[in-house]
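Novice: Protein sequences appear in the order of chains A, B and C.
Going by our numbering, the residue at position 93 of the first sequence is 104; the numbering climbs one at a time, nothing skipped.
Going by our numbering, the residue at position 112 of the second sequence is 217; the numbering climbs one at a time, nothing skipped.
Going by our numbering, the residue at position 305 of the third sequence is 718; the numbering climbs one at a time, nothing skipped.
FYI, nobody ran anything at the bench for these hints, they're computed from the structure.
Because the structure is a prediction, the values reported are computed rather than measured.
Among the clues, some could well be false.
[Stated by the list, open to error] Below, in silico cross-link-like pairs of lysine-lysine (DSS-like), each with a Cα-Cα straight-line distance of 25 Å or less:
#1 A:Lys99 with C:Lys521
#2 A:Lys245 with A:Lys184
#3 A:Lys328 with C:Lys521
#4 C:Lys421 with C:Lys452
[Stated by the list, open to error] Label pairs and their computed distance ranges (CB to CB):
#5 B:Arg239 with A:Leu57: 51 to 57 Å
#6 C:His552 with A:Gly265: 28 to 34 Å
#7 C:Lys692 with B:Glu253: 55 to 61 Å
#8 A:Ser78 with C:Ile471: 31 to 37 Å
#9 C:Arg733 with B:Glu120: 39 to 45 Å
#10 C:Arg733 with A:Met337: 42 to 48 Å
#11 C:Lys692 with A:Thr200: 16 to 22 Å
#12 A:Lys184 with C:Ile471: 38 to 44 Å
#13 C:Ile471 with A:Val339: 56 to 62 Å
#14 A:Gly265 with B:Ala443: 54 to 60 Å
Here a beta-carbon is modelled for each residue, glycine too, at the ideal position from N, C-alpha and C.
As a plain string of letters, each chain reads:
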Amino acid sequence: MTQVAEVAKPGTNTEAYLRMYTQMVRIWAFEDQANQLYLSARMPGLTHMYSGQEAVAVGVCEALEVSDKITSTHRGHGHCVAKGAGFKAMFCELLGREEGYCRGKGGSMHIADQSNGNLGANAIVGGSMGIATGAALSAKRQGNGGVAVCFFGDGATAQGLMYEVMNMAALWKLPVIYACENNGYSEYTKTAEIAAGSLTARAEAFGIEAHKVDGQDVLAVNALTQSLVARARKGEGPFFIELETYRYHGHHVGDINRTYYRSKEEEAGWHADRDPITNFGKWLSDQGLAPEAELAAIRADVQAEAEAAVAYALAAKYPDASEVDMHVYAATDPATLQAGA
Amino acid sequence: MPFDVIMPALGMAQETGILVRWLKEPGDAVTKGEPLIEVETDKAVQEIEAQASGFLSALSAQAGDEVPVGQVIGLIVESADAVTGGAAAARAAVAEAEAAVVERVAEPEAEPVTAAAAPAPAPHPVAEPIPVGRLFASPKLRRVAAEEGLDLFLLARAGYAQPWHMADLDALRALAAANAAAPDQIGTAKSQQSAPLGQTSALGHVAARVSGAPCAEFLDWMAVEGKIALPASALYASFAAAALRAAMPQDRIIVGLVSLTDEGLSALRLLADPDHARLSHQPGTDAAATLILRDLTDSPLTALRPLASDPVPVLTIARDGGDLRVSLDYPAGTLDDAAALSIISGLATRLAEPLAHLV
Amino acid sequence: MREITLSKAVNEAIAEEMRRDPTIFVIGEDVAEAGTPFKVLSGLVEEFGTDRVIDTPISEPGFMGLAVGAAMTGSRPIVDLMFGDFLFLVMDQLCNQAAKAHYMSGGKLSVPLVLRTNLGATRRSAAQHSQSLHALVAHIPGLKVAMPSSAYEAKGLMKTAIRDNNPVVIFEDKLMYQDKAEVPEEEYLIPFGVANIKREGTDITLIATSSMVQVAEKAAVILAAEGISAEVIDPRTIVPLDEATLIASVKKTARAIVIDEGHQSYGITGEIASRLNEKAFYHLDAPVIRMGAMDVPVPFSPALEDLTVPTPETVAAMARRLVAGEMIHAL
Chain A
12 MTQVAEVAKP GTNTEAYLRM YTQMVRIWAF EDQANQLYLS ARMPGLTHMY
62 SGQEAVAVGV CEALEVSDKI TSTHRGHGHC VAKGAGFKAM FCELLGREEG
112 YCRGKGGSMH IADQSNGNLG ANAIVGGSMG IATGAALSAK RQGNGGVAVC
162 FFGDGATAQG LMYEVMNMAA LWKLPVIYAC ENNGYSEYTK TAEIAAGSLT
212 ARAEAFGIEA HKVDGQDVLA VNALTQSLVA RARKGEGPFF IELETYRYHG
262 HHVGDINRTY YRSKEEEAGW HADRDPITNF GKWLSDQGLA PEAELAAIRA
312 DVQAEAEAAV AYALAAKYPD ASEVDMHVYA ATDPATLQAG A
Chain B
106 MPFDVIMPAL GMAQETGILV RWLKEPGDAV TKGEPLIEVE TDKAVQEIEA
156 QASGFLSALS AQAGDEVPVG QVIGLIVESA DAVTGGAAAA RAAVAEAEAA
206 VVERVAEPEA EPVTAAAAPA PAPHPVAEPI PVGRLFASPK LRRVAAEEGL
256 DLFLLARAGY AQPWHMADLD ALRALAAANA AAPDQIGTAK SQQSAPLGQT
306 SALGHVAARV SGAPCAEFLD WMAVEGKIAL PASALYASFA AAALRAAMPQ
356 DRIIVGLVSL TDEGLSALRL LADPDHARLS HQPGTDAAAT LILRDLTDSP
406 LTALRPLASD PVPVLTIARD GGDLRVSLDY PAGTLDDAAA LSIISGLATR
456 LAEPLAHLV
Chain C
414 MREITLSKAV NEAIAEEMRR DPTIFVIGED VAEAGTPFKV LSGLVEEFGT
464 DRVIDTPISE PGFMGLAVGA AMTGSRPIVD LMFGDFLFLV MDQLCNQAAK
514 AHYMSGGKLS VPLVLRTNLG ATRRSAAQHS QSLHALVAHI PGLKVAMPSS
564 AYEAKGLMKT AIRDNNPVVI FEDKLMYQDK AEVPEEEYLI PFGVANIKRE
614 GTDITLIATS SMVQVAEKAA VILAAEGISA EVIDPRTIVP LDEATLIASV
664 KKTARAIVID EGHQSYGITG EIASRLNEKA FYHLDAPVIR MGAMDVPVPF
714 SPALEDLTVP TPETVAAMAR RLVAGEMIHA L
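Using the sequences and the hints given, assemble the complete structure.
Specialist: See below:
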């Protein structure tokens, strides 16, 4: 069964709302800077912009604890910020610097923030689905009430792994929420051309409760996620959410001339009518919870912080050459490898 | 005494032949006239008969090798005792060959040297039976040999089949000990031994062939019309000096002339600047030779490699059929290759048009 | 000392470790009541329950991925892959995810899991159930690869594999499960990266993995009767590889054959032979020879299948030729 989430009541959680707003702005600012780094040829490799989907990551992650786990995708900056990562270490990672979250060894597509429960972005489409499900298995076995959220795009529903892990998650009632960010496109192809039938019906075929929600409405996303997380902690999982959203940029930062698969009118339409930050800001000021001036100040502060972080990262040192063959293997305490240990 | 088995010249313009295979093994009895090797030229594969009777020994070329015409590829020794493995015998055999140059020249040979179809011309007393090129040994044997200062080439010369392994180390040590006890008399062989494996020897060599008719006609003409009986060697000495001077201008050129005739090797005659003198009167000198000229044209020999490591270049001129073969052997450091080529071609040009160059 | 089967040795190792560490669980197809089709895990579910011995659907990529996520989050899974041939199914989760997570995260994420699977032909199981694919995973940085050659190695290596904080793939030879060997009652672990010289010799070194160790030992007996003294070495783990022991042996004997049941081309034999070439070159009196399985898919017919793997006779024959100084390949 699908449900449309209720909108949360105004006036009760101003702090939480402002936090959500700030987090969305942080994602927006981060991506803006990252895009400029790419366009000015200062960022190595490719990256994939999350701009336009801010409400999805924030709405979901604001419903999670730090100890809850998420897995991310190649379009992972939004999840990373939403789960609590800091700008400096993120930019350092994108620029391959030693202070990056992964000491420069992962880059944009593998950025992970283990201390905040982010088990990592993944360059393999659907590649992290097993990992999220396994994290849920750990949580269940450890009995700590933890929940795992697996972010993936509509394109990943074409991967066989998704069905294997949903099947097992359903069989074993694992505390995992499969969050499908349906932004209408699987790389350069419309979703309708790559996914037959209904996305939610796929989950329902396994007996998994599935929901659809407007991914651009942060409150709706957050409310839905809160309720599902609470139930998952009690062992009622797994769950599946399809979040309707939109990515403003191309598939990756270099995908600039894209009118062949997506019209400028369509893009403009989403910017104008469905922008999550604009709309939430409008809602906040309409509800009298935060005047536009305060929101503008938040935007300005965050932007300044992002700019400063970029400057910091550009000046930060690269990892030493000796690190190239470090971390291939994790160390094992030799004391544990003795009989009787 | 041991008889050289050589790569025969089977055609006029043949420089090398491919040893297709040996028809006998080292140690086998060999009878003169029976087929001994198969040789391939660009024309065909031919069986070559043994030119002596005895026992086959000291193979220094293998099936598939491409060997310069005239090079020694094995020995036929008198007794089975002298066959491969006897280091002293093998070395003695070669030393005897070297010393017996003159006697061998006098050996009666049925075929005239000028017969183009001669299946096996007079044996060439080549002093060094050396396979130049790769020597195949296991990495360990190479290393141990290098550590002990043993020259792997000794195994080749003694006819041990390649590739060599550690199992051949004892034989190598024995050969080396024998070699050290009776020092090698083969200068060129030594210089080749000291050259790194796989590289060319330290002695440069260029050769050319030119028709002998022009010089012969000229000398005839001088004798008949000019009524002057010039020894050919005078002509050659003059031309040699001229060619050298043209390639490397210098004040004095002393040509050390040695001739080989029926009476044997002549004494060394030192001629000063023979290219500046009249052919009939080339002044002698005591000065050291700039260049040795060995004139074999009155002998049946068609080639002769240097016998000892002379410190100066050695020009050899010999007859081969109707042609004159000239070769220049020069120790490293005495000439560069460009100069050597210049000398040899200068000499060949003069021999081809003697009158034009004697003005 | 008691003798137990390889199957029992593996079972003991896993049971002992599961008693010691509650974060360990076994996951795979038919691992619980069935104890796997080879019956190696029989009894575990009775002792540890279905929470810790988890039967899965036939979803190799799925449960491999699950194991990776579980390992990243405080568990130590032992994944049971029924046949080594199914390695191809789990390659993305094993090689793109598990192998690289520690490196890609700059050392922050670890994946302490064991992938337990098998190898070995001559069981008449045809091409898709008879492969020895350890070379595939040995090639991937971040994975460790263990190859027990008897019940003794199986127990000791399994315990180390479970306690190692990295993804370890351990290959048992499916034809050896009922083979017995002496296995101590007292606890012991076999360290990774330490080869075992099973038989000392002076004329030639036979380096062999898994069941090829027995093949090499039998060849050594044949050769001994002919006066050829063969040294037999079992590397035990190919990643990490105890090069030093192999090189020292070849320096002593000057000759080596590497015997492995993976395909001869582009495999373990080539890698080890190449290292010996690089690092013992000046000590070689013969080329290092590879003897692997024939480069053919494993045929079904017994008349054909047995031709495709090294045997004591073929190993002895090659050793004989090398010792005689014969040229195996043309100059």
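Novice: Need the status of pair Lys421 (chain C), Lys452 (chain C): alpha-carbon distance at most 25 Å?
Specialist: The hint holds at about 9 Å.
Novice: Should the hint that Arg239 (chain B) and Leu57 (chain A) are 51 to 57 Å apart at their CB atoms be regarded as holding?
Specialist: At roughly 52 Å between Cβ atoms, Leu57 (chain A) and Arg239 (chain B) fall inside 51 to 57 Å, so the hint holds.
Novice: Between Lys245 (chain A) and Lys184 (chain A), is the straight-line Cα distance small enough, at 25 Å or below?
Specialist: Holds. Lys245 (chain A) to Lys184 (chain A) sits at ~10 Å (cutoff 25 Å).
Novice: Does the alpha-carbon distance linking Lys99 (chain A) and Lys521 (chain C) stay inside the 25 Å limit?
Specialist: OK: Lys99 (chain A) and Lys521 (chain C) at ~18 Å, within 25 Å.
Novice: Has the hinted range 31 to 37 Å been met by the Cβ atoms of Ser78 (chain A) and Ile471 (chain C)?
Specialist: Holds, since Ser78 (chain A) and Ile471 (chain C) (Cβ atoms, about 33 Å apart) stay within the stated range.
Novice: For the pair we were handed, Lys328 (chain A) and Lys521 (chain C), check the Cα-Cα distance against 25 Å.
Specialist: Distance of about 20 Å is within 25 Å: holds.
Novice: Return holds or violated for the Cβ distance of Arg733 (chain C) and Met337 (chain A) against the range 42 to 48 Å.
Specialist: Taking Cβ atoms as reference, Arg733 (chain C) and Met337 (chain A) lie about 47 Å apart, which means the hint holds.
Novice: Given a hint of 55 to 61 Å, does the C-beta separation of Lys692 (chain C) and Glu253 (chain B) actually sit inside it?
Specialist: 23 Å Cβ-Cβ, so the 55 to 61 Å window is violated.
Novice: Between Gly265 (chain A) and Ala443 (chain B), does the beta-carbon spacing fit 54 to 60 Å?
Specialist: holds, 59 Å
Novice: Can you tell me whether the CB distance of His552 (chain C) to Gly265 (chain A) sits inside 28 to 34 Å?
Specialist: holds, 31 Å
Novice: Within 39 to 45 Å: is that where the Cβ-Cβ distance between Arg733 (chain C) and Glu120 (chain B) falls?
Specialist: holds, 44 Å
Novice: Range first: 16 to 22 Å. Now tell me if the beta carbons of Lys692 (chain C) and Thr200 (chain A) are that far apart.
Specialist: The hinted range 16 to 22 Å is violated for Lys692 (chain C) and Thr200 (chain A), with Cβ atoms some 52 Å apart.
Checked against the numbered hints above, the structure violates hints 7, 11, 12, 13; every other hint is satisfied.
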